[in-house]
Amino acid sequence: DEPTTGLHFHDIEALLGVLHKLRDEGNTVVVIEHNLDVIKTADWIVDLGPEGGHRGGTVLVTGTPEDVAAHPDSYTGQFLAKMLPNTSARPEQPAAVANKPDARPPRKEKPVKKAAAKKAAAPAKKKAAK
Numbered sequence: 095d096e097p098t099t100g101l102h103f104h105d106i107e108a109l110l111g112v113l114h115k116l117r118d119e120g121n122t123v124v125v126i127e128h129n130l131d132v133i134k135t136a137d138w139i140v141d142l143g144p145e146g147g148h149r150g151g152t153v154l155v156t157g158t159p160e161d162v163a164a165h166p167d168s169y170t171g172q173f174l175a176k177m178l179p180n181t182s183a184r185p186e187q188p189a190a191v192a193n194k195p196d197a198r199p200p201r202k203e204k205p206v207k208k209a210a211a212k213k214a215a216a217p218a219k220k221k222a223a224k
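Per the working numbering, residue 95 is the first one in the sequence shown, and the count goes up by one each step.
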């Protein structure tokens, strides 16, 4: 259950190496994890939800990380899609959603964090001061 909790990034990398070696040797490895950097390396995901507690526990989607990323009701998939290769080229709506007439509207992007906005504005301020 959440083997990466409290581990340094270097230690997580080592742990993933061990887990992948076990898999490569023919073993089945089952991990309960919330760390997206770990989830994206899985061969197969069982995504439970849609929420936690009494509003959760339903299997939303099973499949590869790409399958989960394409599922419209998966919160994990929404965040995972941003981390997977080629997801920048993905349409705003995954194909599974775009082909449904009753599909939800496209996801809204999160606003830029204040620190990133300040960093982007700094060169403009400096230039204006000259």
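Keep in mind the hints are simulated off the structure, nothing from the lab. Every value quoted in this text rests on a predicted model; they were computed, and no experiment measured them. Where hints are given, some of them may not hold.
[Said to hold, decoys possible] Straight-line alpha carbon distances no greater than 30 Å define the calculated DSS-like cross-link-like pairs of lysine-lysine that follow: (1) K134 to K176; (2) K176 to K115; (3) K115 to K134.
[As the list claims (entries may be wrong)] Just the calculated beta-carbon pair ranges, DEER-fashion: (4) L109 to R149: 16 to 22 Å; (5) H114 to G150: 15 to 21 Å; (6) A108 to H128: 31 to 37 Å; (7) E119 to Q172: 17 to 23 Å; (8) N121 to R149: 23 to 29 Å; (9) F103 to R149: 19 to 25 Å; (10) L130 to A108: 28 to 34 Å; (11) G151 to H104: 33 to 39 Å; (12) G147 to N121: 29 to 35 Å; (13) K115 to M177: 31 to 37 Å; (14) E145 to T99: 18 to 24 Å; (15) D105 to V140: 33 to 39 Å.
No residue lacks a Cβ here, since even glycine has one placed at the ideal position from N, Cα and C.
Cross-check of the supplied hints:
no. : hint                     : verdict
1   : K134 to K176             : holds (11 Å)
2   : K176 to K115             : holds (27 Å)
3   : K115 to K134             : holds (17 Å)
4   : L109 to R149: 16 to 22 Å : violated (31 Å)
5   : H114 to G150: 15 to 21 Å : violated (28 Å)
6   : A108 to H128: 31 to 37 Å : violated (19 Å)
7   : E119 to Q172: 17 to 23 Å : violated (34 Å)
8   : N121 to R149: 23 to 29 Å : violated (34 Å)
9   : F103 to R149: 19 to 25 Å : violated (32 Å)
10  : L130 to A108: 28 to 34 Å : violated (18 Å)
11  : G151 to H104: 33 to 39 Å : holds (34 Å)
12  : G147 to N121: 29 to 35 Å : holds (32 Å)
13  : K115 to M177: 31 to 37 Å : violated (23 Å)
14  : E145 to T99: 18 to 24 Å  : holds (21 Å)
15  : D105 to V140: 33 to 39 Å : violated (25 Å)
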